[in-house]
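K.L.:
Quick note, the sequences are listed as chains A and B, same order.
Start counting the first sequence at 1; every next residue gets the next number (the working numbering).
Start counting the second sequence at 115; every next residue gets the next number (the working numbering).
Simulated from the structure, these hints should not be mistaken for laboratory data.
Any given hint could be a false lead.
[Claimed, not checked] Pairs of lysine to any residue, SDA-like flavour, derived with a Cα cap of 20 Å:
#1 B:171 x A:104
#2 A:24 x B:160
#3 B:123 x B:218
#4 B:123 x A:40
#5 A:78 x A:17
#6 B:123 x A:89
#7 B:136 x B:187
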Amino acid sequence: DAGVIQSPRHEVTEMGQEVTLRCKPISGHNSLFWYRQTMMRGLELLIYFNNNVPIDDSGMPEDRFSAKMPNASFSTLKIQPSEPRDSAVYFCASRTYRGLGGYTFGSGTRLTVV
Amino acid sequence: AQRVTQPEKLLSVFKGAPVELKCNYSYSGSPELFWYVQYSRQRLQLLLRHISRESIKGFTADLNKGETSFHLKKPFAQEEDSAMYYCALLIQGAQKLVFGQGTRLTINP
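One chain only, chain A, in its complex shape (with noise of 0.2 Å):
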């Protein structure tokens, strides 16, 4: 099992520019979630989905932000336009929905909004 993937691992963009993340979850996982970490707020969750169904999405910051899940094996954050103040880590992570153990992590897409 590859683990949770996501894309790319580094985006540099201008302000102004839409940016796509892309996260594709353990196969067998039927929850998701996208989490942003800054130095400032430590780990924030952004939105979750269940069986490709989005949940709660009350941390997305603003309409700016954006999340879908078309099936279960992907799913996007976007932000457009994008701004500086979004330059942060963005992860994705995954879990058998009420399974015993915690989540599992990708590494990160690491976005610098300059």
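The hints should help you fit chain B onto chain A, whose structure is shown.
P.N.:
Chain B only, in chain A's frame:
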């Protein structure tokens, strides 16, 4: 309110010394708690969970419901323990993890 508090953002100890990373939680339900570790620029990894009552890499954590704490301990720190440590609480109904702010542990030689 559901909250996890890690009061120390930074903790520095010498190699061979005991380590304790503090974690307190606020939760009305039955808590399920975890410790995650993040080595430099790597993904978060599950270190241990209270329901397993296990010891991983010499670390242990005991849930104290009376003090609403889940402190992480190791009797003798090693240099490779230097990392960011996050305490996390599973919200049962929503099945989502709420993380503390994290503690950066540095082990000095």
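K.L.:
It remains to establish, for every hint, whether it holds in the given structure.
P.N.:
Hint check results:
| no. | hint | in the structure |
| --- | --- | --- |
| 1 | B:171 x A:104 | 19 Å, holds |
| 2 | A:24 x B:160 | 19 Å, holds |
| 3 | B:123 x B:218 | 6 Å, holds |
| 4 | B:123 x A:40 | 11 Å, holds |
| 5 | A:78 x A:17 | 11 Å, holds |
| 6 | B:123 x A:89 | 18 Å, holds |
| 7 | B:136 x B:187 | 9 Å, holds |
When each numbered hint is compared with the structure, no violation occurs for any of them.
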